[in-house]
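Following the hints, position chain Z against chain P.
In case you want the letters, here they are:
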Amino acid sequence: MVPLSYYLVLSGVLFACGVTGFLIKRNIITIFMSIELMLNGVNLSFVAFAAHWHALSGQIFVFFVMVVAAAEAAVGLAIIIAVYRTRETLNVDQVNLLKL
Amino acid sequence: MLHLVLFLIFGAICVAGAVNLLVQRHPINSALSLVAVMASLAVEYLLLGAEFVAAVQVIVYAGAIMVLFVFVIMLLNAGEEARTGGSRVAILFGIPGMLAGSLLVAWVLITHSGTQEVSAGALPGPPREIANLLFHDFLLPFEVTSVLVLIAIMGAVVLAARPESIEQQKREG
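From first to last, the protein sequence lines stand for chains P and Z.
Residue numbering for the first sequence follows my numbering, beginning at 1 and increasing consecutively.
Residue numbering for the second sequence follows my numbering, beginning at 1 and increasing consecutively.
Please note: incorrect hints may appear among the correct ones.
[What the hints assert, rightly or not] To spell it out: a stretch of chain Z is covered by chain P in this simulated footprint if at least three of its residues, at any positions, have a beta carbon under 8 angstroms from a beta carbon of chain P; those stretches are: (1) 5 to 19; (2) 26 to 38; (3) 56 to 68; (4) 72 to 78; (5) 127 to 140; (6) 146 to 154.
Rather than coming from a laboratory, the hints here were simulated on the basis of the structure.
Source: prediction; values computed, not measured.
Ideal Cβ positions, reconstructed from N, Cα and C, are used throughout, including at glycine.
So that you can see chain P by itself, here it is in the shape it has in the complex (with noise of 0.2 angstroms):
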C-alpha cells in the first residue's frame, strides 16, 4: 500500500519539472511541452485524491483536463507553425515584437 503523500510528492515534482523547463527552455515547442508535463502533475494529484476520498468524479475532471489539453495542444501548435511562418524561428528570445 502506497501513502497517499507520496502520489502528491511525485505529482508536485512533476509539476515543479514543468514549471523549470517552462523557465529555462528557449525553444517554444519544448516549453509546449513544459505545459503538458504539468497538466500531467495535476491529473495524477487528482487520480489520487479520487483513489483517497473514494469519489469518482476526480476522475471525471481528468478526462475534462485531458480535453482541454488537446485542444490547447491543437490551437497552440497551431499558433507555433504561425510563428514559424511569418519569424522563421523558434527561439522564443527572438519573438520579441507583437508586430513585424
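Here is chain Z on its own, set in the frame of chain P:
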C-alpha cells in the same frame, strides 16, 4: 509491498523522463521522454485503480497529443535550441528556486498529511460507473467541452492555414 515497489519503479521512470525533458537540447528527444513520462503515469493510474483513465492517458496523451507534437517538430524541422544570456540567467535562478520549492512541498506533504494509505483497487473505476457520471451528473460540462473542441478545431485550421490560401478562397468565394 508489491504496490510500493511498482510505484517507486514507475515514479522513478517518471521523474527521470521529466528531468531528461529538461536536459535534452533537441525537441524530438524531449518529446520522446515526455512519452515515457506519460506511459509510466498510466501505470501509476492503474496502481490507483483508475483503469479507464490509464487507457485514456495512453490513447489520448501518449498517442494523439504527442503525435501532434512530433508532427509539428518534423514539419518545422526544429533543430537544437541555442543558449542565450536569458536562458543562462533562468538556469542560474530557476533550478535552485524550483529545487527549494519542490523540497519544501515534499517536506510539508510527507510530514503533515498523516499516514492514510491509498490502496490499489480500493476505488474500482469501471467504465460503467464513469459513463454514468459523465453522461448523467456531468452532462452539461461534457456538452460544453464538445463545443470547446469544435472551436479549437476551427481555430487550429484558421491559424495554421497559409495566408495566401485564405485570400485565394476569398477571391473564389
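Each hint tested on the structure:
1. For the stretch 5 to 19 of chain Z, the stated coverage by chain P is satisfied: 6 residues place a CB nearer than 8 angstroms to a CB of that chain, which reaches the threshold of 3.
2. Here's how the stretch 26 to 38 of chain Z fares: 6 of its residues keep a CB closer than 8 angstroms to some CB of chain P, so the rule of at least three is met and the hint holds.
3. Requiring three or more residues with a Cβ within less than 8 angstroms of a Cβ of chain P, the coverage given for the stretch 56 to 68 of chain Z holds, as 7 such residues are present.
4. Here the stretch 72 to 78 of chain Z counts 5 residues with a CB under 8 angstroms from a CB of chain P, which clears the bar of 3, and the coverage holds.
5. For the stretch 127 to 140 of chain Z, the stated coverage by chain P is satisfied: 6 residues place a CB nearer than 8 angstroms to a CB of that chain, which reaches the threshold of 3.
6. Only residues whose C-beta sits within less than 8 angstroms of a C-beta in chain P count toward coverage, and the stretch 146 to 154 of chain Z has 5 of them, enough to reach three; the restraint holds.
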